[in-house]
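Here the sequence shown is numbered in our numbering, starting from 1 and rising by one per residue.
Careful: at least some of the hints might be erroneous.
Okay, the calculated beta carbon distance ranges per label pair [to be verified]:
1. Leu-71 / Glu-31: 36 to 44 Å
2. Ala-39 / His-132: 28 to 36 Å
3. Lys-113 / Leu-35: 31 to 39 Å
4. Glu-112 / Ile-54: 32 to 40 Å
5. His-38 / Glu-89: 28 to 36 Å
6. Ser-99 / Leu-27: 21 to 29 Å
7. Val-90 / Leu-15: 18 to 26 Å
8. Pro-40 / Ser-99: 34 to 42 Å
For the record, the hints were derived by calculation from the structure and aren't laboratory data. Beta carbons: idealized from backbone N, C-alpha and C, even for Gly.
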Amino acid sequence: MPELQCIVVTPEKTLLDEQVDFVALPLYDGELGVLPGHAPMIGRLGAGELRMRIGNDVVRYYVEGGFVEVLDNVVSLVTTHAVSADELEVDEVEEELKSALAQKADSEELLEKRTREVTAARAKLRTALRAHR
Numbered sequence: 001m002p003e004l005q006c007i008v009v010t011p012e013k014t015l016l017d018e019q020v021d022f023v024a025l026p027l028y029d030g031e032l033g034v035l036p037g038h039a040p041m042i043g044r045l046g047a048g049e050l051r052m053r054i055g056n057d058v059v060r061y062y063v064e065g066g067f068v069e070v071l072d073n074v075v076s077l078v079t080t081h082a083v084s085a086d087e088l089e090v091d092e093v094e095e096e097l098k099s100a101l102a103q104k105a106d107s108e109e110l111l112e113k114r115t116r117e118v119t120a121a122r123a124k125l126r127t128a129l130r131a132h133r
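Can you build the whole structure from these sequences, using the hints too?
The following block contains the structure:
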């Protein structure tokens with residue numbers, strides 16, 4: 001079976017460049033699964049879990065925002081933030097969520113900011129919890 005190349009690029013560095021069997025990634029409006037031979041596409045990333053199957057192992061990352069391109073068995077993610085799920089500490093992420101929920105939202109701008117931060121913190125918490133099962 002042909003493999004996929006998965007590349008994750010952040011503003012700081014190329015975080016990942018691996019041969020994988022399957023990729024599941026968060027789009028802003030749902031999750032996308034990619035197998036070898038997937039049709040070419042470009043999508044907008046949301047906040048959530050990037051899962052890659054490599055043989056019998058599953059590798060997890062948390063990604064937040066950016067774009068994905070699928071072309072010729074290469075999945076390229078350009079994201080504003082990515083971190084290995086193993087590096088996420090559940091207690092710290094729970095504090096991030098509490099902090100986001102406690103923010104004042106007395107204007108449209110502040111409400112949008114709080115909503116984005118709460119959504120991202122919840123997605124990060126789900127990723128952390130799955131990684132530490």
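Has the hinted range 28 to 36 Å been met by the Cβ atoms of Ala-39 and His-132? Once the Cβ atoms are compared, 35 Å apart, the range 28 to 36 Å for His-132 and Ala-39 holds.
Distance restraint hint 34 to 42 Å, applied to the beta-carbon atoms of Pro-40 and Ser-99: For Ser-99 against Pro-40, whose Cβ atoms are near 40 Å apart, the range 34 to 42 Å holds.
Is it true that the C-beta distance of Val-90 to Leu-15 lies inside 18 to 26 Å, as the hint says? holds, 21 Å
Is the gap between the beta carbons of Glu-112 and Ile-54 within 32 to 40 Å? holds, 37 Å
If you check the beta carbons of Ser-99 and Leu-27, does the distance land in 21 to 29 Å? Between Ser-99 and Leu-27, where Cβ atoms are some 26 Å apart, the hint holds.
That 28 to 36 Å hint for His-38 and Glu-89 (C-beta), does it hold up? holds, 34 Å
Tell me if the beta carbons of Lys-113 and Leu-35 are separated by a distance inside 31 to 39 Å. For Leu-35 against Lys-113, whose Cβ atoms are near 37 Å apart, the range 31 to 39 Å holds.
Please check whether Leu-71 and Glu-31 have a Cβ separation lying inside 36 to 44 Å. violated, 20 Å
Checked against the numbered hints given earlier, this structure breaks only hint 1.
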